[in-house]
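S.K.: In case you want the letters, here they are:
Number of protein chains: 2
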Amino acid sequence: MPTLSEVARHAGVTPATVSNVLRSRGRVGEETRRRVLEAVEALGYRPHLAARALAEGRAPTIALMVSSIANPFYPEFALAVERAARASGHFLIICNTNEDPQLGRAYLEQIAGTLSEGVLVTNANLDFADLRLTEARGAPVVLCMWERPLDPPGLPCVAVDFRLAGQLAGAHLMELGHRRIGVIVGSKVSGIHAARYDGFVDAARAAGLDVPAAHVRQAADTVHGGYTATRDLLEGDPSITAIFATNDLPALGAMQAAADLGLDVPRDLSVVGITDILPARESRPALTTVAVPTAEAAELAVTLLRELIEGAPHEAATGTDAAASGQPAPRMCLASAPKLVVRASTAAPRTQSFAR
Amino acid sequence: MPTLSEVARHAGVTPATVSNVLRSRGRVGEETRRRVLEAVEALGYRPHLAARALAEGRAPTIALMVSSIANPFYPEFALAVERAARASGHFLIICNTNEDPQLGRAYLEQIAGTLSEGVLVTNANLDFADLRLTEARGAPVVLCMWERPLDPPGLPCVAVDFRLAGQLAGAHLMELGHRRIGVIVGSKVSGIHAARYDGFVDAARAAGLDVPAAHVRQAADTVHGGYTATRDLLEGDPSITAIFATNDLPALGAMQAAADLGLDVPRDLSVVGITDILPARESRPALTTVAVPTAEAAELAVTLLRELIEGAPHEAATGTDAAASGQPAPRMCLASAPKLVVRASTAAPRTQSFAR
Numbered sequence: 000m001p002t003l004s005e006v007a008r009h010a011g012v013t014p015a016t017v018s019n020v021l022r023s024r025g026r027v028g029e030e031t032r033r034r035v036l037e038a039v040e041a042l043g044y045r046p047h048l049a050a051r052a053l054a055e056g057r058a059p060t061i062a063l064m065v066s067s068i069a070n071p072f073y074p075e076f077a078l079a080v081e082r083a084a085r086a087s088g089h090f091l092i093i094c095n096t097n098e099d100p101q102l103g104r105a106y107l108e109q110i111a112g113t114l115s116e117g118v119l120v121t122n123a124n125l126d127f128a129d130l131r132l133t134e135a136r137g138a139p140v141v142l143c144m145w146e147r148p149l150d151p152p153g154l155p156c157v158a159v160d161f162r163l164a165g166q167l168a169g170a171h172l173m174e175l176g177h178r179r180i181g182v183i184v185g186s187k188v189s190g191i192h193a194a195r196y197d198g199f200v201d202a203a204r205a206a207g208l209d210v211p212a213a214h215v216r217q218a219a220d221t222v223h224g225g226y227t228a229t230r231d232l233l234e235g236d237p238s239i240t241a242i243f244a245t246n247d248l249p250a251l252g253a254m255q256a257a258a259d260l261g262l263d264v265p266r267d268l269s270v271v272g273i274t275d276i277l278p279a280r281e282s283r284p285a286l287t288t289v290a291v292p293t294a295e296a297a298e299l300a301v302t303l304l305r306e307l308i309e310g311a312p313h314e315a316a317t318g319t320d321a322a323a324s325g326q327p328a329p330r331m332c333l334a335s336a337p338k339l340v341v342r343a344s345t346a347a348p349r350t351q352s353f354a355r
Numbered sequence: 000m001p002t003l004s005e006v007a008r009h010a011g012v013t014p015a016t017v018s019n020v021l022r023s024r025g026r027v028g029e030e031t032r033r034r035v036l037e038a039v040e041a042l043g044y045r046p047h048l049a050a051r052a053l054a055e056g057r058a059p060t061i062a063l064m065v066s067s068i069a070n071p072f073y074p075e076f077a078l079a080v081e082r083a084a085r086a087s088g089h090f091l092i093i094c095n096t097n098e099d100p101q102l103g104r105a106y107l108e109q110i111a112g113t114l115s116e117g118v119l120v121t122n123a124n125l126d127f128a129d130l131r132l133t134e135a136r137g138a139p140v141v142l143c144m145w146e147r148p149l150d151p152p153g154l155p156c157v158a159v160d161f162r163l164a165g166q167l168a169g170a171h172l173m174e175l176g177h178r179r180i181g182v183i184v185g186s187k188v189s190g191i192h193a194a195r196y197d198g199f200v201d202a203a204r205a206a207g208l209d210v211p212a213a214h215v216r217q218a219a220d221t222v223h224g225g226y227t228a229t230r231d232l233l234e235g236d237p238s239i240t241a242i243f244a245t246n247d248l249p250a251l252g253a254m255q256a257a258a259d260l261g262l263d264v265p266r267d268l269s270v271v272g273i274t275d276i277l278p279a280r281e282s283r284p285a286l287t288t289v290a291v292p293t294a295e296a297a298e299l300a301v302t303l304l305r306e307l308i309e310g311a312p313h314e315a316a317t318g319t320d321a322a323a324s325g326q327p328a329p330r331m332c333l334a335s336a337p338k339l340v341v342r343a344s345t346a347a348p349r350t351q352s353f354a355r
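As they're listed, the protein sequences go chains A and B.
Numbers 0 to 355, taken from numbering that gives the first Met the number 0, label the letters of the first sequence in order.
Numbers 0 to 355, taken from numbering that gives the first Met the number 0, label the letters of the second sequence in order.
Since the hints were derived computationally from the structure, they do not count as laboratory data.
Among the hints, a few may not be true.
Straight-line Cα separation of at most 25 Å, SDA-like style, residue types lysine to any residue; simulated pairs [said to hold, decoys possible]:
| hint | chain 1 | residue 1 | chain 2 | residue 2 |
| --- | --- | --- | --- | --- |
| 1 | A | K187 | A | E281 |
| 2 | A | K338 | A | F127 |
| 3 | A | K338 | B | K187 |
| 4 | A | K338 | B | D129 |
| 5 | B | K338 | B | D129 |
| 6 | A | K338 | A | L307 |
| 7 | A | K187 | A | Q101 |
| 8 | A | K187 | A | F127 |
| 9 | A | K187 | B | D129 |
| 10 | B | K187 | A | V210 |
| 11 | A | K338 | A | A128 |
| 12 | B | K338 | A | A69 |
| 13 | B | K187 | B | D129 |
| 14 | B | K187 | B | G153 |
| 15 | B | K338 | B | G310 |
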């Protein structure tokens, strides 16, 4: 493959002039420009992306850190991110951390600021200190689905009101008449799904219900995790008539458990999740869930990252902390509110006389 | 971030010497080596991956072309590829072609040989001419799941015997006693699933059965495609007792259709697919399928690609064509044979007196 230098030699100009012509920058006379373009044509020169990125002090990819590409949410999200990234001429490198902060750190150290000019982070279980170090090295970082808009993370982020999502899911079950609801939290109790759980508790309080500890299980954020937790909940209290899971995967696991226990969903057990991943739509019965604006969040995240890369001035925060410190707070974009999507996995509980 | 040149200046040596020290190459005296390492330490220099790749005439990523990252097979495959790639210090760029040869060509033109030193191709609907052009530009190409080991593609590939997979799926249904089997081909009739269909026909012939055109549907290789095709097949012939789909996604769609028609799987309708993606294991009933060696194929593909990148001598083909032309045929690695995995979606048909 011919190099920029060979094009320059062929055209009798400096490499910098060739670069200026190809980038439409600097002052280059019409005759020189013609000579350069002829040399490009004659040699079949293609601009070297990595070389150009180096020359300009930036790299042509962005990195997306995900906890597991095998979790169907991330491919859907990655697809939306990639669409947005491609629209701005960026390639997407997907890095699987497998929820391992060490592996995440290795990725960040090796690619941020070199291969990739910016990093999008989903719930990849990364150490915030590592992310701040990445920023300090010159590669902007954006958290893609920050779950608590009222509690900013101190890094640029796209926030989704997941507490509202939990509240909508809970209120739906309670409005149908459910009083004994098993809750599956797909993270540590204080982990990333805590806001979703808090929203469910909000709904319970508004309906005058308790959320006894015996009705709450912490589980792996997987189909299998939801399966095991559901069996455990129903063994502990067979009078449970509904399951709220903080994510669609464990909700799908709850439906599996119901099937294996011979329970009909929704006649014997209602199930509701959060997110609206594709398998939620494709399951039978189709899963009632609270849809979060995945594609919109992806677009907002890419836009925000690009603005940070291009050094657009940070919007000053309006909060008093920021004003007092004189430091603008990192930007936060709030995505649209989650929405309840009622499908076939929820219904009113059977009346007591028909209960198991 | 300090550059190699700054390290060189600090140590009073040439950039080439710094590079040699960091790469443990060339002859460098002990005193010089010590000075360079001190300068690296003092300036906090980190080797610039893209720069190093450029300097060495190679790039540190490989690209994986997939037709849709939203199809659950590809994330599973990408995960296996990434594991293998990371083991050799490569990063993986996943490119979604969305089955659009134009988009695929754009990716190939922009990244092959520049950002990425080699390309892995799954069923991405790419033009072979584009792939050969990519090879000619110096970026090796490996087809990851070639479906017809007896009909090599003329490009390096990992082959999986998908005709055998179709034969195993068909034989399983026939051994259970099914005689009226609906067939869903998840590609054009002559497309990538043709070998799987041929294998089914092999099994039918061996069992003395016809495969009437009225029992075969071509469909999109999606859950929805399988759903529609199944409803269509059962409307056309309600006496069908089993569905063979050339892929798990349409097989899962067949189970959805059965659920919506009030048919019990497997009592009223048996369903079998091919691949063994995660949702096949997670569906209820769990899907009987023919598992293909996904992880093994990913590892073989990465190994083959690395050998091509590193310029290992091509193994000469034993075929007479290759011998006659004097050109070694592109290498083909054959992955292990597919295996039938019997789960809960297949059973003997109900006897005629109980049939619908």
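S.K.: Now tell me if each hint is right for this structure.
M.R.: Do the hints match the structure? See the list:
no.: 1; hint: A:K187 <-> A:E281; in the structure: violated, 28 Å
no.: 2; hint: A:K338 <-> A:F127; in the structure: violated, 30 Å
no.: 3; hint: A:K338 <-> B:K187; in the structure: violated, 38 Å
no.: 4; hint: A:K338 <-> B:D129; in the structure: violated, 44 Å
no.: 5; hint: B:K338 <-> B:D129; in the structure: violated, 34 Å
no.: 6; hint: A:K338 <-> A:L307; in the structure: violated, 30 Å
no.: 7; hint: A:K187 <-> A:Q101; in the structure: holds, 19 Å
no.: 8; hint: A:K187 <-> A:F127; in the structure: holds, 18 Å
no.: 9; hint: A:K187 <-> B:D129; in the structure: violated, 49 Å
no.: 10; hint: B:K187 <-> A:V210; in the structure: violated, 54 Å
no.: 11; hint: A:K338 <-> A:A128; in the structure: violated, 34 Å
no.: 12; hint: B:K338 <-> A:A69; in the structure: holds, 22 Å
no.: 13; hint: B:K187 <-> B:D129; in the structure: holds, 21 Å
no.: 14; hint: B:K187 <-> B:G153; in the structure: holds, 22 Å
no.: 15; hint: B:K338 <-> B:G310; in the structure: violated, 34 Å
In this structure, the earlier hints numbered 1, 2, 3, 4, 5, 6, 9, 10, 11, 15 are contradicted, and the remaining ones agree with it.
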